[in-house]
Amino acid sequence: MSTQESVVRLSQVTKRFGQSVAVDQLNLDISEGSFFSLLGPSGCGKTTSLRMIAGFETPDEGDVFIRGQNVTRIVPHKRDFAMVFQNFALFPHMSVAENVAFGLKMTGVGKAEREQRAREALAMVRLPQFADRYPKQLSGGQQQRVAIARAIVMRPAVLLLDEPLGALDKNLREEMQVELRSLQQDLGIATVFVTHDQEEALTLSDTIAVMRDGRIAQRGSPSDVYERPVNRFVATFLGASNLLRGRILGTGKTARIDAGGIVIPLGDATGKDGDEIEIAIRPERMSVQLQGAAGMPAVIKAIVYKGATVSLYCDASGDERVVFVPGGHPSLTGLKTGASIVLSFDPAHAVPLRSE
Amino acid sequence: MGSGLSMNRQTAFWALLAPPLLFVGIFFVVPLLNLFWVSLHGASSSELFGSDLTGENYYRILTDSFYHTIILRTLWAGLSIMLLCLVLGYATAYVIAPLPPRTRLIMLLFLVAPLMVSNVIRAYGWIAILGRQGVVNSMLRSTGLIDGPLLLLNSFEAVAFGLMTILLPYMVVSIINALNAIDRQYIEAAQSLKANPFRTFIEVVWPLSSPGVASGTLLVFLLTLSAYVTITLLGGPRMKLLVSLVFDAVSGFRWPLAAALSFALLALALVVAGLILALLRPGRVQGRG
Amino acid sequence: MRGILIALTGFAYVVVLLPILIVVVTAFSASEFFAFPPKGLSLRWFEAFFASESMRGAFIRSLQIATISSMVATILGTMASMAIARRKGTLFNLVQGLFLAPLIFPAIVLGLSLLIFYKSIGGVPDFLGLVIAHCVLGLPFVVRSVTSSLLAVDPALEEAGQSLKASPIAVFIFIITPLIWPGMLAGGIFAFILSLGELNTALFLTGPGVTTLPIEIFSYLQFQGGQLVIAAASAIQVFMIIAIVLIAERLVGLKRIVRSG
Numbered sequence: 373m374s375t376q377e378s379v380v381r382l383s384q385v386t387k388r389f390g391q392s393v394a395v396d397q398l399n400l401d402i403s404e405g406s407f408f409s410l411l412g413p414s415g416c417g418k419t420t421s422l423r424m425i426a427g428f429e430t431p432d433e434g435d436v437f438i439r440g441q442n443v444t445r446i447v448p449h450k451r452d453f454a455m456v457f458q459n460f461a462l463f464p465h466m467s468v469a470e471n472v473a474f475g476l477k478m479t480g481v482g483k484a485e486r487e488q489r490a491r492e493a494l495a496m497v498r499l500p501q502f503a504d505r506y507p508k509q510l511s512g513g514q515q516q517r518v519a520i521a522r523a524i525v526m527r528p529a530v531l532l533l534d535e536p537l538g539a540l541d542k543n544l545r546e547e548m549q550v551e552l553r554s555l556q557q558d559l560g561i562a563t564v565f566v567t568h569d570q571e572e573a574l575t576l577s578d579t580i581a582v583m584r585d586g587r588i589a590q591r592g593s594p595s596d597v598y599e600r601p602v603n604r605f606v607a608t609f610l611g612a613s614n615l616l617r618g619r620i621l622g623t624g625k626t627a628r629i630d631a632g633g634i635v636i637p638l639g640d641a642t643g644k645d646g647d648e649i650e651i652a653i654r655p656e657r658m659s660v661q662l663q664g665a666a667g668m669p670a671v672i673k674a675i676v677y678k679g680a681t682v683s684l685y686c687d688a689s690g691d692e693r694v695v696f697v698p699g700g701h702p703s704l705t706g707l708k709t710g711a712s713i714v715l716s717f718d719p720a721h722a723v724p725l726r727s728e
Numbered sequence: 007m008g009s010g011l012s013m014n015r016q017t018a019f020w021a022l023l024a025p026p027l028l029f030v031g032i033f034f035v036v037p038l039l040n041l042f043w044v045s046l047h048g049a050s051s052s053e054l055f056g057s058d059l060t061g062e063n064y065y066r067i068l069t070d071s072f073y074h075t076i077i078l079r080t081l082w083a084g085l086s087i088m089l090l091c092l093v094l095g096y097a098t099a100y101v102i103a104p105l106p107p108r109t110r111l112i113m114l115l116f117l118v119a120p121l122m123v124s125n126v127i128r129a130y131g132w133i134a135i136l137g138r139q140g141v142v143n144s145m146l147r148s149t150g151l152i153d154g155p156l157l158l159l160n161s162f163e164a165v166a167f168g169l170m171t172i173l174l175p176y177m178v179v180s181i182i183n184a185l186n187a188i189d190r191q192y193i194e195a196a197q198s199l200k201a202n203p204f205r206t207f208i209e210v211v212w213p214l215s216s217p218g219v220a221s222g223t224l225l226v227f228l229l230t231l232s233a234y235v236t237i238t239l240l241g242g243p244r245m246k247l248l249v250s251l252v253f254d255a256v257s258g259f260r261w262p263l264a265a266a267l268s269f270a271l272l273a274l275a276l277v278v279a280g281l282i283l284a285l286l287r288p289g290r291v292q293g294r295g
Numbered sequence: 415m416r417g418i419l420i421a422l423t424g425f426a427y428v429v430v431l432l433p434i435l436i437v438v439v440t441a442f443s444a445s446e447f448f449a450f451p452p453k454g455l456s457l458r459w460f461e462a463f464f465a466s467e468s469m470r471g472a473f474i475r476s477l478q479i480a481t482i483s484s485m486v487a488t489i490l491g492t493m494a495s496m497a498i499a500r501r502k503g504t505l506f507n508l509v510q511g512l513f514l515a516p517l518i519f520p521a522i523v524l525g526l527s528l529l530i531f532y533k534s535i536g537g538v539p540d541f542l543g544l545v546i547a548h549c550v551l552g553l554p555f556v557v558r559s560v561t562s563s564l565l566a567v568d569p570a571l572e573e574a575g576q577s578l579k580a581s582p583i584a585v586f587i588f589i590i591t592p593l594i595w596p597g598m599l600a601g602g603i604f605a606f607i608l609s610l611g612e613l614n615t616a617l618f619l620t621g622p623g624v625t626t627l628p629i630e631i632f633s634y635l636q637f638q639g640g641q642l643v644i645a646a647a648s649a650i651q652v653f654m655i656i657a658i659v660l661i662a663e664r665l666v667g668l669k670r671i672v673r674s675g
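Chains as they are written, first to last, in this note's numbering: chain A, 373 to 728; chain B, 7 to 295; chain C, 415 to 675.
These are computed hints drawn from the structure, not numbers from a lab.
It should be emphasised that the depicted structure is a prediction, and the values quoted were computed from it without experimental measurement.
Quick list of the computed label-pair ranges, beta carbon to beta carbon:
#, chain 1, residue 1, chain 2, residue 2, range
1, B, 209, C, 653, 46 to 52 Å
2, B, 69, C, 511, 30 to 36 Å
3, C, 511, A, 440, 46 to 52 Å
Even glycine gets a Cβ: it sits at the ideal position worked out from N, Cα and C.
Using the sequences and the hints given, assemble the complete structure.
Below you can see the structure in the form of structure tokens.
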């Protein structure tokens, strides 16, 4: 991706706080109109990266570009971005309309125009009737929408979202996810979204960058990172995975799983005959067979009913394995804790992991 | 994640801090150091202070029995006022603290607003009440209980009582803040553990209110030390405390002695403050020390 | 037990409020000498107060000193609070302690140290000297009140302002100031009231012809006996304070007034 196309580019950016390295030689490219998520556990550097795009932090090394302009040394209020904050940061002493119009006022937009644009933005987030209220008089979800309206009214080059849904309860969060995504697509505004919630990232993003220790562990489309995790960290941070050991066979095109002997294709993973390799398989890609079938023999330790799915926790010669079976699936009939079964899977769903 | 200080913020920080810091430095710290410097000199008839460095002022204060009498009287006055304020103040705070917030606020306002009235006016009020032609004497005379006026002013007791009434609100406010900070659950826990109301107070409420008691007593004592005007008005010309000697030394242009007496006053304040803190140990409730 | 506590509380309110009440009532007395209850009501002592050049002069000077010193204290105290609020560490605690120190520092020592300091640097006009002293005394009230207002402001609001193109100055004007305004006002009002009634520092710093109203009342009481014109002067001060408290209640709420005390 060339510099001309990308709205935001981070080039070899490093940020230290005292002794610890928060962001380590990070490269990022966010293209026009895309929804880009930075996903990772707390302390992985995702928020610091976002704050460096905004200019609230200055990189120790490397450069930040917005629309091709190097903004590394430019103060926040002169950068072309807008942001939705974790706890919304609505100005408590201003009405909803004043909050939304504030940025326009700062950029010298005339009173009539900014009132008009604030009204439009509020209509976009479906809150036109709340213009004269104060933030304290609104519910969490409504405050969230005002915060979004306040940001999009600026028509920024890039919209930065710092865990904006974290302060909402579960149902509201799912509702807001859908709304946020459709709003972003309607406006076609490039968006950087910071979250530690994998489900949120999978639902919303065009591209996800999974971060760990200040670096990007993997970047790709939601299905890429979910279906083809590259290493153990991504495989276990993003949803559950069963990690199996195996050995590479012959020319390195295939590998055999130690337990059960299933042979899987390796794709572009490399290695030579006899090398150990770790393989991930998603619980929902595993299936349960009756004793005697080909696969890994196992004993059921616990059956946990979760509505849409049923989780089976199994012991396969000392290793814990998890299987998600759709609720009501025929293979569940007659299964009991303590029953001996065989676990198997389609070799195409097995993902060889890079060693870290 | 902490935010690093960029050059811009650093500049803004100093631009904000420098003027007030300079102001306090020049008009509070420097004059105080200067005062100490002056206190280390002898008197001079033409200059502010003599030319040779000497500890004679301090030596005099430490050895002269006249100063001992005054310092002991000052301590005694401070302690009596402190205790009077503590008893009355704690009782008042204890009654007001559990009231509904709005009522409590109004009750407090009636105590805090008098603090805004100049002490000279509040002392004058007591003169009007206790003086020779004051309210008490004229009432007693009209009922025929006494022939000549009672001398209620110009005494140690008048000063102690008057200052107590003037400083009492500080004590109430300090203790109320501490009492309101006590989680009701502690009291309920004590009751659930079979403590009667008296034991609950002794074992739970009193120790938890110690920060308020400490700051209240400290404030009352410190303000007693420098209440020259009230002491003079209610105590008359012969009721002298340490602060009166400072004033007298200034009136006699004996600047170095006045300066040394000021530091004796400060030392007394520090010692008593240390004693109060050691005795009440408010730190154990406040989570430090 | 409860009865004793309530009796003590009642006694406390009486001894705190009664002297002020008596002075205010006496001020309206029609008679030549003190008597309580007054024999007849009049405004003659208020007229006498404004007719007396020294009283009127001291009153106006007190107002001027209180106005200037509280304004300067508000500005300096707000700057200091903005610099050190939210900062941790021994050094910042020390600096904050320094700003708050005059709150509990023996006022008479402060007055003497300033008097000698003024003399040491070759003299300072009495009026200016008093303004400076009251500014030092008022500063801690502003620092305390503004700092607590600042601590209540969500730090993200500042960044939100910057993200919406507000320069640091615009952030201060449009976001921080409106939010800490009640704290500044409460601190400033308290510094003003403090200056109006301040005695023990002003004692050394007033000069011939340049005195404040409390010092003027004090010297009247000391040297000219209890003339009722002092009652009028006192009553005027009390009325001003009541007026200020009522206005402040409207502007910043009762809670802040009680807390600044």
